[in-house]
Amino acid sequence: MNPKKVDKIAVGVIYAMSGVIVLILASLLLFILWRGLPQISWEFLTAPAKSFQVGGGVGIQLFNSFYLLLLTMLISTPLALGAAIYLSEYAKQNWMTDFVRTAIEVLSSLPSVVVGLFGFLIFVIQFDFGFSILSGALALTIFNLPLLTRTIEDSLQAIPATQREAGLALGLSRWETVTRVILPAALPGIITGMILAAGRIFGEAAALIYTAGQSAPALDFTNWNPQSITSPLNIFRPAETLAVHIWKINSEGVMPDGAEVSAGASAVLIIAVMLFNLGSRYLGRKLQKKATSA
Amino acid sequence: MVTNEKIIETNDVHLYYGKNEALKGITLDFNPNEITALIGPSGCGKSTYLRTLNRMNDLIQDVTITGQVKYKGKDIYSPKMDTVELRKKIGMVFQQPNPFPFSVFDNVAYGLRISGMKDKQKIQHIVEESLKKAAVWDDVKDKLHDSALALSGGQQQRVCIARVIAIEPEIILLDEPTSALDPVSSGKIENMLLELKENYTMIMVTHNMQQASRISDNTAFFLQGHLIEHGKTRQIFTNPTQQETEDYISGRFG
Ligand SMILES: Nc1ncnc2c1ncn2[C@@H]1O[C@H](COP(=O)(O)OP(=O)(O)O)[C@@H](O)[C@H]1O
Ligand SMILES: [Mg+2]
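Protein chains in written order, with my numbering: chain A, 1 to 294; chain B, 1001 to 1254.
Please note: incorrect hints may appear among the correct ones.
[To be verified] Derived Cβ-Cβ restraints for the label pairs, each shown as a range: (1) A/Trp175 <-> B/Asp1062: 49 to 59 Å; (2) B/Tyr1016 <-> A/Ala158: 41 to 51 Å; (3) A/Gln93 <-> B/Ala1180: 53 to 63 Å; (4) B/Tyr1077 <-> A/Ala91: 50 to 60 Å; (5) B/Asp1247 <-> A/Trp175: 22 to 32 Å; (6) B/Tyr1016 <-> A/Thr192: 57 to 67 Å; (7) B/Tyr1077 <-> A/Val114: 43 to 53 Å.
[As the list claims (entries may be wrong)] Here are the simulated lysine-lysine pairs, DSBU-like style, with alpha carbons at most 35 Å apart: (8) B/Lys1143 <-> A/Lys289; (9) B/Lys1120 <-> B/Lys1143; (10) A/Lys289 <-> B/Lys1074; (11) B/Lys1070 <-> A/Lys92; (12) B/Lys1141 <-> B/Lys1070; (13) B/Lys1074 <-> B/Lys1143; (14) A/Lys289 <-> B/Lys1132; (15) A/Lys289 <-> B/Lys1141; (16) B/Lys1120 <-> A/Lys289; (17) B/Lys1188 <-> B/Lys1019; (18) A/Lys286 <-> B/Lys1232; (19) A/Lys92 <-> B/Lys1120; (20) B/Lys1118 <-> B/Lys1132; (21) A/Lys92 <-> B/Lys1074; (22) B/Lys1141 <-> B/Lys1080; (23) B/Lys1188 <-> B/Lys1118; (24) B/Lys1080 <-> A/Lys92; (25) A/Lys289 <-> B/Lys1072; (26) A/Lys289 <-> B/Lys1006; (27) B/Lys1080 <-> A/Lys289; (28) B/Lys1141 <-> B/Lys1074; (29) A/Lys289 <-> B/Lys1188; (30) A/Lys286 <-> B/Lys1133; (31) B/Lys1019 <-> B/Lys1089; (32) B/Lys1072 <-> B/Lys1143; (33) B/Lys1072 <-> A/Lys92; (34) B/Lys1122 <-> B/Lys1019; (35) A/Lys286 <-> B/Lys1074; (36) B/Lys1006 <-> A/Lys286; (37) B/Lys1120 <-> B/Lys1019; (38) B/Lys1122 <-> B/Lys1024; (39) B/Lys1089 <-> B/Lys1118; (40) B/Lys1232 <-> B/Lys1141.
It should be emphasised that the hints constitute simulated quantities derived from the structure, not laboratory data. Fair warning: this is a prediction, and the values are worked out from it, not measured in the lab. Glycine is no exception: its CB is placed at the ideal position from the N, C-alpha and C atoms.
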């Protein structure tokens, strides 16, 4: 065969393969939305779940998912950012940092069930946080930290060394160079990393089953006292999330309309992740604009 | 500043990358308000030497430097030296234009703002003056708030020079500032450097013999980590004392 022909065939195969992937994704998405969208109503999004009757909603689970996501990102972002800045900008390249990097890589491939069990033993039992938002957020932090650190470090490393030289040669200190030049330049990459992490967290169930728990006590959205068990802000209350709810309905749900609720919840999950995605991108662009004109 | 007084003095400077000795005892002084060209074949240590003058080699792991580098009589490698302050006084322009991925205006204003200047009008004024001095104002005055990365290579390099000028250094180090640029842009930068000479001391690495002879007052010729010869540019180019210098200048190697 001549090279031209080979080239044509190769391109054809690549097109076909990407086509298949797109097709799979699109049909999955369409399937979930097609089944789930009809279930979604204001009622469904705000009403509490019902265990035995028809007509339960996912309001509390939805709130729990966002609240957990927020807490997890609040805990893990500064940690990951600090670790990534250290690894990328300050650490000497030697066996120690190589070791830390390898450790991070290994951690990032831990199955989330294992992270969940670890969280159960440590946070729920040992620290006596019980099945709670706090236990869940800490478990999710462990689950999230390695990959987030890694993606942030990668986006810092992607900024060419000439930018660091430019900063230092301009009489900026090392820290100023990092915070005023490298970080703003890396911001789009960092935001993308955070979006990916957020998607993973939002859809995570296995790490939460034994940490944040599988029940969603009724919340009173007018109660802003974080100590009260019915307050949405309370971090010591058990908090079933949307993803856990879907898992639970399908494994032990006894409500007659389980299939519908599950379909609706799946659609909500996907839509939420997509909305979150778009919003973060927009925010990222805004942030960068602000950071670079500081 | 009194003429005759040296602004930078280097004395028997050796630099090792690990075990590899890249500078083998360089002793060379610089007069204020003059342009000195550092010439020599690739890999002879010109950039390495230039970077010892503002301690940019500190960034590289495993570098050892011996000897003395003095800026206005003060040893810059003394533990008491504030490298951040030093680099404000000794600015640097690199071979590849390296503007920050920000707007043209912010690139030039950055150093000022970070060192605490708040007065918007003053910043605006300095940015404009710096861009004018760097002979790029006419090119960018209508796109101050566009990304500097959208400019041509030559314009980017002049913005980088403006960025350095804005923080009012006394010395500007230039490492082959025009080697990545076309002849027209290079010519603009050469003319601009000649004008800047009134107010700044400049030390410039260059590969381009015409450039060295056109704009420099002094020339220093490096070869394999040694300083072979230095002196008035006219003398080096017309009447070198060393055979290697003559061979290099006449294009017999390098
Ligand atoms: N960061 C570095 N690490 C190790 N060796 C280096 C480094 N930079 C330069 N060198 C070596 O030092 C010598 C001088 O390099 P350099 O100063 O860049 O030369 P020039 O600028 O004259 O082309 C070369 O042999 C080069 O390989
Ligand atoms: Mg060089």
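Now for the hints, and whether the structure bears them out:
About 23 Å separates the C-beta atoms of A/Trp175 and B/Asp1062, a value inconsistent with the hinted range of 49 to 59 Å. For B/Tyr1016 paired with A/Ala158, a C-beta distance near 31 Å fails the hint of 41 to 51 Å. With their beta carbons about 28 Å apart, A/Gln93 and B/Ala1180 fall outside the hinted range of 53 to 63 Å. Judged by the Cβ atoms, the range 50 to 60 Å given for B/Tyr1077 and A/Ala91 is violated: they are separated by roughly 24 Å.
Taking the beta carbon of each, B/Asp1247 and A/Trp175 are about 48 Å apart, not inside 22 to 32 Å as hinted. For B/Tyr1016 paired with A/Thr192, a C-beta distance near 41 Å fails the hint of 57 to 67 Å. For the pair B/Tyr1077 and A/Val114, the beta carbons lie near 52 Å from each other, so the given range of 43 to 53 Å is met. A distance of roughly 16 Å separates the Cα atoms of B/Lys1143 and A/Lys289; the hinted pair therefore holds under the 35 Å criterion.
For the proposed pair B/Lys1120 and B/Lys1143, the alpha carbon gap of about 18 Å is at most 35 Å, so the pair holds. Distance hint between A/Lys289 and B/Lys1074 is unfulfilled; the C-alpha atoms sit about 41 Å from each other, more than 35 Å. Distance check on the hinted pair: B/Lys1070 and A/Lys92 sit about 29 Å apart at the alpha-carbon level, within 35 Å; holds. Taken as a hint, the B/Lys1141 and B/Lys1070 pair is broken in the structure, with Cα atoms around 39 Å apart against an allowance of 35 Å.
Annotation: proposed proximity of B/Lys1074 to B/Lys1143 is violated, straight-line Cα distance about 42 Å (limit 35 Å). Straight-line distance between C-alpha atoms of A/Lys289 and B/Lys1132 comes to about 26 Å, which keeps the hinted pair within the 35 Å bound. Restraint check for A/Lys289 and B/Lys1141: satisfied, since their Cα atoms lie roughly 20 Å apart, inside the 35 Å limit. About 18 Å separates the Cα atoms of B/Lys1120 and A/Lys289, which keeps this hinted pair within 35 Å; it holds.
Only pairs whose Cα atoms come within 35 Å are accepted, and B/Lys1188 paired with B/Lys1019 is rejected, the gap being roughly 41 Å. With a C-alpha separation of about 54 Å, the suggested pairing of A/Lys286 with B/Lys1232 is violated against the 35 Å cut-off. The straight-line distance between the Cα atoms of A/Lys92 and B/Lys1120 is roughly 39 Å, outside the 35 Å bound, and the hint therefore fails. As the CA atoms of B/Lys1118 and B/Lys1132 are separated by approximately 22 Å, the hinted pair is consistent with the 35 Å bound.
Restraint check for A/Lys92 and B/Lys1074: satisfied, since their Cα atoms lie roughly 30 Å apart, inside the 35 Å limit. Only pairs whose Cα atoms come within 35 Å are accepted, and B/Lys1141 paired with B/Lys1080 is rejected, the gap being roughly 41 Å. Note on B/Lys1188 and B/Lys1118: the hinted pairing holds, with a Cα-Cα distance of about 32 Å set against a maximum of 35 Å. For the given pair, B/Lys1080 sits about 23 Å from A/Lys92 by alpha-carbon distance, which is consistent with the 35 Å threshold.
Annotation: proposed proximity of A/Lys289 to B/Lys1072 is violated, straight-line Cα distance about 41 Å (limit 35 Å). Between the alpha carbons of A/Lys289 and B/Lys1006 the distance comes to roughly 44 Å, so the proposed pair goes past 35 Å and is violated. Taking the CA atoms of B/Lys1080 and A/Lys289, the gap is near 38 Å; set against the 35 Å cutoff, the hint is violated. Distance restraint check for B/Lys1141 and B/Lys1074: the Cα-Cα separation of roughly 40 Å exceeds the 35 Å cut-off, and the hinted pair is therefore not satisfied.
A hinted pair counts as satisfied when its Cα atoms are at most 35 Å apart, and A/Lys289 with B/Lys1188 qualifies at roughly 32 Å. The suggested pairing of A/Lys286 with B/Lys1133 holds, with an alpha-carbon distance near 33 Å, which does not exceed 35 Å. A threshold of 35 Å between alpha carbons decides the hint, and for B/Lys1019 with B/Lys1089 the separation of about 31 Å falls inside it, so the pair holds. A threshold of 35 Å between alpha carbons decides the hint, and for B/Lys1072 with B/Lys1143 the separation of about 39 Å lies outside it, so the pair is violated.
A C-alpha spacing of about 33 Å is found between B/Lys1072 and A/Lys92, which places the hinted pair at or below 35 Å, so the restraint holds. Using a Cα cut-off of 35 Å, the hinted pair B/Lys1122 and B/Lys1019 is violated, with the two alpha carbons roughly 49 Å apart. Between the alpha carbons of A/Lys286 and B/Lys1074 the distance comes to roughly 46 Å, so the proposed pair goes past 35 Å and is violated. Of the pairs offered as hints, the one joining B/Lys1006 and A/Lys286 is violated, with about 49 Å between alpha carbons and a cut-off of 35 Å exceeded.
Our distance criterion of 35 Å between C-alpha atoms is broken by B/Lys1120 and B/Lys1019, whose separation comes to about 50 Å. Among the hinted pairs, B/Lys1122 with B/Lys1024 is inconsistent with the structure: their alpha-carbon atoms are about 46 Å apart, more than 35 Å. Only pairs whose Cα atoms come within 35 Å are accepted, and B/Lys1089 paired with B/Lys1118 is accepted, the gap being roughly 21 Å. Of the supplied pair hints, the one linking B/Lys1232 and B/Lys1141 is violated, its CA atoms being roughly 38 Å apart against a limit of 35 Å.
Checked against the numbered hints given earlier, the structure breaks hints 1, 2, 3, 4, 5, 6, 10, 12, 13, 17, 18, 19, 22, 25, 26, 27, 28, 32, 34, 35, 36, 37, 38, 40 and satisfies all the rest.
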